[in-house]
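S.K.: So the chains spell out like this:
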Amino acid sequence: MNKDHKCQKILYEHYRGYALKVSFRYLYRYENALDAVNDSFVKIFNHFPGFNIGADADNEKIWMGWLKKIIINTSIDALRRASMLPEIGGIPDHVWNTPDDSNRTDQVLLYNDLIAMIKRLQPNYRLVFNLYVIDGYSHTEIADMLNISVGTSKSNLSRARGLLQLNIKKTEGKISCRM
Amino acid sequence: MQDVNENMDELFREAADNYMLKEGESSWNEISGRLTSPVAPPVTPAKKNNNTKKYFIIGGFVVLCLLIVMFLNYYAPTNNKRGITTISNQNKDANTRIDKHSLVPGGKPLQENKNVREEDTKNDTVSLHRNTVLISSTTYPGLDHLAYTADIADNRDHPVTNVPPVTDLSTFPAIKDQPVHVSINEQQPPAGLLKEFKYGVYSGLSKDSVEKASTPKLNIHNKRRLYYGMLAGAGFTTVKSQSFSRPGFDLGLITGYQFTPRSSVEISLLYSHKYYYTDGQYFKMDKMNDMPPDMEVMSVKSKTSIFEIPVKFKFNILQNKSIIYAAAGVSSYVLVNEKNDYVTSTNGTMGNMQGNYPTTSGYFAGAINIAAGYEHVIGKNGIIRFEPYITIPTKGIGIGSLPITTSGMHVLLTGASHK
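Residue numbers (my numbering), protein chains in the order written: chain L, 587 to 765; chain U, 131 to 549.
These are computed hints drawn from the structure, not numbers from a lab. Owing to the predicted nature of the structure, the values given are computational and were not obtained by experimental measurement. A couple of the hints might just be wrong.
As the list claims (entries may be wrong) - Derived DMTMM-like pairs: lysine to aspartate or glutamate, alpha-carbon spacing no greater than 20 angstroms straight-line: (1) Lys756(L) x Asp139(U); (2) Lys152(U) x Asp730(L); (3) Lys451(U) x Asp679(L); (4) Lys756(L) x Glu140(U); (5) Lys607(L) x Asp409(U); (6) Lys647(L) x Asp409(U); (7) Lys740(L) x Asp139(U); (8) Lys629(L) x Glu617(L); (9) Lys756(L) x Asp686(L); (10) Lys755(L) x Asp139(U); (11) Lys595(L) x Asp621(L); (12) Lys705(L) x Asp471(U); (13) Lys655(L) x Asp147(U); (14) Lys510(U) x Asp471(U); (15) Lys740(L) x Asp730(L).
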């Protein structure tokens, strides 16, 4: 990767969808997520000129991991900076996209429901669940990132899992139909 | 319960990967406006072009050094070459005093401050001045022209250009068959000189002086003071005695000032390429502002371009035809480019990353420099030196503040500057 704007634009266009999905899981506000994505790419292009993606598939994995990490950090920073209060209510329908393939529609709706289920968690539970389960951070890393203890991180995860299991059971019929 | 959790985790991971959000309109215009102005890609430059340019620079540098040495050699006056450059019989010692009366046929005194014969030529200069015979020549042919005449005894500073050269000093009655003892206080003159100067004039020639002349001295002054040269070498650089990656090289210029026959001070300017490897534990992350916080450096291979400025005190331990010496001093660094190949770990995932840091940074007295060497005269005016050295770091350099130790060998070619 270099600072050539054409290459940067190609990278941005290719990965902005992925970046938006990562950011949205943390912020759950569409506009804020868009801003966080833009901030992340600016940060990458201005401050990480030394990273060479190349054409290797492994390099792309490294790049993806790196991009994800920056987006997560930027999103958490945005949460802290704005002192965002937990948003009440569901996710507005206009943010969801529907697949072109009608066979996948139910499955995508299931995924969307699961993401919306995470949103209903308390913000601290949501953060730990996202970081640990979906993005693969360890409790130690989460504790460092969020300035909490490892025990708190584990406790939050346990409670998040419990709440999600409860929610899943409530909507079991709906989920099993879509599965 | 564990299975339930794992299944649920997997379900949510799948959902996170596959759920669909509207991407909306591209915000590229906004992003591009916030980017700094585009510059040439710093990380993966076209190696071929860079190498060509680098070779041109190094080649030009070597040619420049050679030209400097050739220039110094060519324009250096030949009456003051290294080694035996001036033979003087000074009147400090009674044993070496030239008696005014003894040199003059017919008993007329040769007065002080009389130039007996002075030829201001580059190759030969013979003069008698304040009871001092100076014979200066690279090849010592001037001895053939050494002449004394009574005609000038009473004429101060009388030029004697028309005095025919005397090829055999033994024809002078006053100095014929006089014993000559020569001792040399610095270096032995060539055998030819002593042979030709068998009937020379720098020994005690009067009766008194002959009687006293047990060991008359011939002072041979090495008037070399300032010298210049070039050097090249190779060396291995390590960090904390770890393994090295490949040898680096140095090219540079050196100048020195010899303030006593044994001691001198030298300063050099070297352009060095250093290659080294280090484990991540020695790599300090303080200056790595651009690296993600959770990324850990496992190991680094570095290639640095450095201008090194060693200032050393040199002392000749053994002085003979060749010299063995020791030198010590400090080296300052100006790091002009650093390229690092990182092996990183992010949450247990290994990766590779490259970093290019073209910024210039200086490190005053960044290392202690210790060297020893062997010095040998080559040709008429040159000296070659073989100098093993080691630099011991006093501070870390580069983006990772690495304490680099370099050991290797320098080969130096020097020539004297003459007064």
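S.K.: With reference to the structure, classify each hint as holding or not holding.
M.R.: Do the hints match the structure? See the list:
no., hint, result
1, Lys756(L) x Asp139(U), "holds (17 angstroms)"
2, Lys152(U) x Asp730(L), "violated (32 angstroms)"
3, Lys451(U) x Asp679(L), "violated (95 angstroms)"
4, Lys756(L) x Glu140(U), "holds (19 angstroms)"
5, Lys607(L) x Asp409(U), "violated (37 angstroms)"
6, Lys647(L) x Asp409(U), "violated (24 angstroms)"
7, Lys740(L) x Asp139(U), "holds (15 angstroms)"
8, Lys629(L) x Glu617(L), "holds (18 angstroms)"
9, Lys756(L) x Asp686(L), "violated (29 angstroms)"
10, Lys755(L) x Asp139(U), "holds (15 angstroms)"
11, Lys595(L) x Asp621(L), "holds (17 angstroms)"
12, Lys705(L) x Asp471(U), "violated (41 angstroms)"
13, Lys655(L) x Asp147(U), "holds (15 angstroms)"
14, Lys510(U) x Asp471(U), "violated (49 angstroms)"
15, Lys740(L) x Asp730(L), "holds (13 angstroms)"
When held up to the earlier numbered hints, the structure conflicts with 2, 3, 5, 6, 9, 12, 14 and fits the remainder.
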